[in-house]
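Colleague: Please take these sequences and the hints and turn them into a complete structure.
Keeping their order, the protein sequence lines are chains G and W.
Using the numbering used here, you'd call the opening residue of the first sequence number 781 and step up by one each time.
Using the numbering used here, you'd call the opening residue of the second sequence number 1489 and step up by one each time.
Hints may be right or wrong, so weigh each one.
Taking lysine-lysine pairs in the PhoX-like style, the calculated list, with each CA pair at most 25 angstroms apart, reads [claimed, not checked]:
1) W/Lys1662 with W/Lys1535
2) G/Lys849 with G/Lys785
3) W/Lys1685 with G/Lys841
4) G/Lys853 with G/Lys825
5) W/Lys1662 with G/Lys841
6) G/Lys841 with W/Lys1542
7) W/Lys1535 with G/Lys841
For the record, the hints were derived by calculation from the structure and aren't laboratory data.
The structure displayed is predicted, hence computed values, not measured ones.
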Amino acid sequence: MTIRKLDGANMDIDLATPGGSIAWQQDACPWNEAEGMLTHRCAVKNISICPYFCGIEYLDKVLCCYPNKNPLKGI
Amino acid sequence: MMKRNAARWLVGFAAVCLTGIIVWMVLNQRGATSAFDTTAILDAIEKTNLDSTKFPWLAGIAHSNLKRWDIANDGPIPVKFNGVVLAEMAADEIETKLGQTLFDRISIADTPDDLVTRGIIVSEGTAVGRGGVVRSSTCGNVSQSPGDTAYPPGFYDATGVIDTRLYVNLSSAKCTADLDIAIHEFGHALGLGRHFKGFGDMFSVIDDDFWLVLYNIYTNEIGATRESLAIQPLP
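Modeller: Below is the structure:
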């Protein structure tokens, strides 16, 4: 099986949305929790991708490797 | 001489056995009544209830304060079960575990939903997940209306009193709720917000910590802070 890696998707996910902005439970980013802040985001389009971001499990569950960095990062 | 030594040995052996049995009984009794981590329960209460920065709590309103229904002043929480036996079983189990009457099962039983201003309405088959999506894991949720995830605006006040109409949605097209899930959702409706270890984590729908958290939310004063909480074992 070939897994294609496609560029250009418009992805903007964070796990750091303040309360009141969304109407469902959202797990907190463990990196933010460890540092007591809200600055880290999983992936922000055109800007950054978190070093601990390890993918998405269908449908929309973020796979987070914190505190270990994504072994595929940089490949 | 040999008989006397044998007798002494037997008496000593019996004493050791008796001591062991007593120690085991004491430890077992302690384990049955108070074996829990107070700090872990405080952390869980802070995460799920005191902290108002996360859904469903309203940022800035009663932040760091205990929030729940006011049974003492407003009366037991009216519940409209709509014939859902699983929900009645969940309510029974909660009242038994907490040793308190929390629910008024009569006053709104036949009241049209629109006329209910305070209480919990059980709705079967209307659970949805985040974004309104129904997944295989969508087994229950609590909301302002069936098929929704939002809570009612202003569902609690600045003192921490929950006074609203909440729907406990059980089961969806992709999941049939069981008793633990029904208890879990009632837990949300009673004032548990974010999930914690022992409440909707990857290992359990509910466990002993859930019961301790719920019990202590309903035995401490509304508006209490973490520092003023008295954490007690279940009755």
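Colleague: Going through the earlier hints one by one, which of them does the structure break, listed in rising order?
Modeller: 1
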